[in-house]
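Peer 1: Using the sequences and the hints, build the whole thing.
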Amino acid sequence: MAVNFRCAVQVLVLLGCVIILSNVLCPVGAYLYNNRYAGDQVFRITPSNKEEVQVLKKLLGNIKVDLWQPNSASLIRHNATVDVHVRRNDTRGLRTRLQREHIDFKVFISNLQKEIEKQTGHRSSRKRRSESQYDYEVYHSLEEALHSYQYDSVMRRLMNQLNFYIMPVFNVDGYHFSWTTDRFWRKTRSKNAKYHCRGVDANRNWKVKWCEEGASSQPCDDTYCGPFPESEPEVKAVAKFLRKHKKRVKAYISIHAYAQMLLYPYSYKYATIPNFNCVESAAHNAVTALYSAYGVRYRYGPASTTLYVSSGSSMDWAYRNGIPYAFAFELRDTGYFGFLLPEALINPTCTETMRAVKTISSGLLKKCETGMHQLDRERYPYL
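Just so we're aligned, residue 1 is where the sequence shown starts under full-length UniProt numbering, counting upward by one.
A couple of the hints might just be wrong.
[As the list claims (entries may be wrong)] Straight-line C-alpha distance at most 20 Å; calculated DMTMM-like pairs for lysine to aspartate or glutamate:
#1 Lys106 <-> Asp152
#2 Lys366 <-> Glu280
#3 Lys57 <-> Glu115
#4 Lys191 <-> Asp173
#5 Lys50 <-> Asp104
Just so you know, the hints here were simulated from the structure itself, not pulled from any lab data.
Peer 2: Written out as structure tokens, the structure is:
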């Protein structure tokens, strides 16, 4: 969907928040997700050396867990924290083994179900907060979507000179499933003829170093790369759109959670991008603008060194396909709430992220093309 930037910047904030705040009613006294997370815990584990890393990988391989950070056991490193969701029947055993092996850990969510209830809340007699702030069931005048255009000179300049293409939710089926069945579902919902496991990691399914380091070929893994590149209709549709418009698209921004980071290529290798100075400067300015809102600090840098190595990502694909500025946000927080960011933090998160996006957008209006001729020569022949 092509959206003129005159509407897009305001829409970006609203849709980013509204999707999270979509109307879900729950009967009084009922438990969300059938109380399936009652007694589950989230551990934060920090192996201090390579030996402890191997022990931890073995421990986690013997029980069914949901890795939050990193999202694959292969990415566990010493002196780096591991956030893992453990089912109630396995919490005592894991705690005992970690103590026996003298591996540092703490339980930072002691009852996952209660945290989910806190975050989502029961809506029995009143509607979600978003509807009290803005009525999405009636049509509005342009003056009401365009409020900032009149009072914000920076926004007015961006709206006059740029176009935005916005996809509020990339993984629609997976997102719906996370509301109805599994709060922590991350993959798509495509079926696999040979396995009972469903879905593909949509950010490992792109045609750039597909299914190499940081991705899994096992359909039951959260980082499953899919049977072939662009196997998922969601990925294929966006890739087709970007190919069609690649000569006009100057920036690609993908938004994820959580870690408080602003990442740029490469994800799949340890190397410096040709236009590093321009992109690094844009990232620095963006996180500085973000910090100015509420004092929240974001790390920034190449994804491979700042977060971890992963192949087949949309950010790398966009960059290697000729889009000079490709970024991935990992939004709040750094693990205290993890994937259960409270509703009270939605608005400030949107506000500060919007400052970063505006800063990146403003930078596009300035000329900074160092190294892009090298990028043109580096493009994959099959893109």
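Peer 1: What are the numbers of the hints that this structure violates, sorted from low to high?
Peer 2: 1 and 3
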